[in-house]
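Going down the list, the sequences are from chains A and B. With positions in the first sequence counted from 1, the corresponding number in this note's numbering is that position plus 37. With positions in the second sequence counted from 1, the corresponding number in this note's numbering is that position plus 397.
Simulated from the structure, these hints should not be mistaken for laboratory data. Just so it is clear, CB atoms sit at the ideal spot from N, CA and C, and this is done for glycine as well. One thing to keep in mind: the hints can contain errors.
Per label pair, the in silico range of CB-to-CB distance [said to hold, decoys possible]:
# : chain 1 : residue 1 : chain 2 : residue 2 : range
1 : A       : 151       : B       : 422       : 33 to 43 Å
2 : B       : 422       : A       : 64        : 18 to 28 Å
3 : B       : 410       : A       : 365       : 47 to 57 Å
4 : B       : 421       : A       : 322       : 38 to 48 Å
5 : A       : 64        : B       : 507       : 46 to 56 Å
Quick partial rundown of chain A residues pointing at chain B, CB under 10 Å, derived from the structure [said to hold, decoys possible]:
#  : residue
6  : 124
7  : 161
8  : 180
9  : 183
10 : 218
11 : 225
12 : 279
13 : 368
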Amino acid sequence: MIALPLLPVSGIGSLPKPPALVKAEMAPMHEQECDALQAMREAAVADWLAIQEEAGMDLVVDGEQYRRSMITYFLEGWGCAELDPDPVWVMDNMYSQRGVIVRAAARPRPLLTDWYRFVGARTHLPAKLTLTGPYTLRDWAFDRYYASRPAAVLALAEYVREEAQALAAAGVRYLQIDEPAFVTRYDQPEELDLAIAALRRAVEGLPSTMTILTHMCYGAFHEVYPRMLDLPARVFCLELAHASPETLDVLLRYPFPADRVLGWGVVDAMDPRVEAVEEIEARIRLALTYVRPEQLWLNPDCGLQALPREQAIAKLRNLVAAARNVRRQCST
Amino acid sequence: MLVTASGRFPIVRHGEHPLRGALEAWRMRGATTPESALRDPQILAAQAEATRTLLAAQEAEGVDIPTDGYIPIYDEWFAWAPSLAGIEAGGHIRYLDTNTYYHRWHVTGRPRRLGAGPAVAALQRALALTDRPVKPCLYGPYTLWAYAVKDGSAGRAGVFDAFVEIWAAEVAALAAAGTRYVQLDESVLLRARHRADFPLVAAAIERIAAAAPGITLILHLGCGAVGDLLEPLLSLRGLGGLGLDFTDVYRAPNLAALACWQAGILLQAGVVDARGVQIEPREAIHETLSRVTAYVPAERCLAAPSTGLHYLPYHTALEKLGALAAASRSFAASGREVMA
Chain A
38 MIALPLLPVS GIGSLPKPPA LVKAEMAPMH EQECDALQAM REAAVADWLA
88 IQEEAGMDLV VDGEQYRRSM ITYFLEGWGC AELDPDPVWV MDNMYSQRGV
138 IVRAAARPRP LLTDWYRFVG ARTHLPAKLT LTGPYTLRDW AFDRYYASRP
188 AAVLALAEYV REEAQALAAA GVRYLQIDEP AFVTRYDQPE ELDLAIAALR
238 RAVEGLPSTM TILTHMCYGA FHEVYPRMLD LPARVFCLEL AHASPETLDV
288 LLRYPFPADR VLGWGVVDAM DPRVEAVEEI EARIRLALTY VRPEQLWLNP
338 DCGLQALPRE QAIAKLRNLV AAARNVRRQC ST
Chain B
398 MLVTASGRFP IVRHGEHPLR GALEAWRMRG ATTPESALRD PQILAAQAEA
448 TRTLLAAQEA EGVDIPTDGY IPIYDEWFAW APSLAGIEAG GHIRYLDTNT
498 YYHRWHVTGR PRRLGAGPAV AALQRALALT DRPVKPCLYG PYTLWAYAVK
548 DGSAGRAGVF DAFVEIWAAE VAALAAAGTR YVQLDESVLL RARHRADFPL
598 VAAAIERIAA AAPGITLILH LGCGAVGDLL EPLLSLRGLG GLGLDFTDVY
648 RAPNLAALAC WQAGILLQAG VVDARGVQIE PREAIHETLS RVTAYVPAER
698 CLAAPSTGLH YLPYHTALEK LGALAAASRS FAASGREVMA
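Isolated chain A, as found in the complex (with noise of 0.2 Å):
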């Protein structure tokens, strides 16, 4: 198994799907020709391989081409929900078709494995999968099912936890939760306790070769910082790129704990405009000055699928090229 050097590079999860694609899963489902699509979206998993091969990434992400979204991938894969056929308003002029959970999952089965596999045999690099965690599922979709929110976020618990023993057993060692709703309600406890219940439970049993990271962004950290620490995570990958005052404050006045990993935003996710490597690499050197160069890894701060490719691919370059002269000066 290859070695992650010092200040690893990964993406987050998502990278831009090709327009022929994002057409195809838009058609009306009736039109939709499954062989026709899954072929495109493995085309489209190879190539975004190959690209973060090239671009010389020290782990690899599919890009989730084969999800029309990070909550209804899931939802309706596991058979619990229906996709609403208007799409809502989420940021900008983009808007998302979202799950309506109308039962308990119909199908409960391992949505993500034979991906890994077919990941696995196309890149000699390490690679993370991306799981949608259970707190996320709930907030980001409407219920009409479930009683209350807590028996919600506990039933997708189970269902997370399935997928994820399941890439266990298939050889997973990087499994990335991502759980950007836990910044949402930061002023109600309970709500942070359920999030983090539902979180243990998702990863109860996993083996402790497995790595878990965690993924939040476009939130007020500093409102759920240090209590974000008892989600069951090792690595913490942050949206930083622009880290607010308040964030840097509270990781001054409660330091990272030695025994965890930040995987800090360095890139924008959002803006189209690519970074020059020497403001990335200054992003990293202020990381630098909260954490250990040991206890860093860099990311961009999300997905970059709302970007163009073009943009995607200069900003994952730069992105490798400012790790990489950085790590030169922490190893000299």
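Once you've looked at the hints, dock chain B against the given chain A.
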């Protein structure tokens, strides 16, 4: 009992975005900055057409006080920033727990109003299309201030003061343009860590209300429990109405809080849940209105969704609005508010 909407609307139906063609044409022309979209004639025309559709939809569903049907480019925060000095539209931040993302303001100097924000133009468009009183809905100065990156030289207190000055001028401009109602959304105030800032919000509301004394200024506090803030809110000078959420987990605490209601201002009662897809049955809406009107006279109540409907799919939003209007009318006709 009149019926009103509470904020922005969803606009995409079956994948059709009313501004899509104009936005694509704008991109094809090689637009270099997102801000240029705010002045693009084709986009402005598409916005106007979409406004017409949203106003017609509200009227068809029976809304007495419609919102302006404004569809911002990107979002309301982004769209307003170019009308101000000392403000730049910055990166995204998630708004409350909504899974929607706004461009937070980056304060680069003392903020100052350069001219009317987009809400004034939106109001003028809407007023030309309907005889009903149109209610512009704006996020309030505290919300924008709370979310802003404030590393400029003006200082935190100075920045807030400047924000209030901007809002006072904007609301005065809306009044001059002909509105009778303005809604300011400061829902973030009900979050635990923000409640201590109530004195800031109180002073801001009084100052803004004083700038436009002829209108009914409604402070909207959705997605939260008002609790002990209700009493001091009711004594604010110039406040014409208060929007509260009587749905989901906030229903019981906000109904309980109404016991101290002794004001003559309007209560904009959020009685259908703008965050959930279940359509409330008429009986459930009647029940809530009955509880509300036990404390607030029906003629001082506006029946409303709990917040802006843009968190919902289009068809659900309209269905909710229709259910709200029908239930409110049948409730009023039944005379139950008198009995309560």
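Against the structure, the hints:
Checked against the hint of 33 to 43 Å, the pair residue 151 of chain A and residue 422 of chain B passes, with Cβ atoms roughly 41 Å apart. Distance hint check for residue 422 of chain B and residue 64 of chain A: the Cβ-Cβ separation is about 23 Å, which falls inside the suggested range of 18 to 28 Å. Range check, residue 410 of chain B to residue 365 of chain A: Cβ separation about 54 Å, and the 47 to 57 Å hint holds. For residue 421 of chain B and residue 322 of chain A, the Cβ-Cβ distance of about 41 Å falls inside the hinted range of 38 to 48 Å, so the restraint holds.
The hinted range of 46 to 56 Å is satisfied by residue 64 of chain A and residue 507 of chain B, whose Cβ atoms lie roughly 52 Å apart. Taken as an interface hint, residue 124 of chain A checks out: its beta carbon lies about 5 Å from the nearest beta carbon of chain B, inside 10 Å. Annotation: residue 161 of chain A was flagged as interfacial toward chain B, and the flag is violated, the nearest CB pair being 35 Å apart, outside 10 Å. Hint status for residue 180 of chain A: holds, given a least beta-carbon distance of 8 Å to chain B, under 10 Å.
For residue 183 of chain A, the shortest C-beta to C-beta distance to chain B is roughly 12 Å, which exceeds 10 Å, and the interface hint is violated. For the restraint placing residue 218 of chain A at the interface with chain B, the shortest Cβ-Cβ distance is roughly 7 Å, inside the 10 Å limit, so the hint holds. Hint on residue 225 of chain A holds. Least Cβ distance to chain B is approximately 8 Å, under the 10 Å limit. A hinted interface residue such as residue 279 of chain A counts as satisfied when its beta carbon comes closer than 10 Å to some beta carbon of chain B; here the least separation is about 5 Å, so the hint holds.
Because the smallest distance between the Cβ of residue 368 of chain A and any Cβ of chain B comes to about 32 Å, over 10 Å, the interface hint for this residue is violated.
Checked against the numbered hints listed earlier, the structure breaks hints 7, 9 and 13; every other hint is satisfied.
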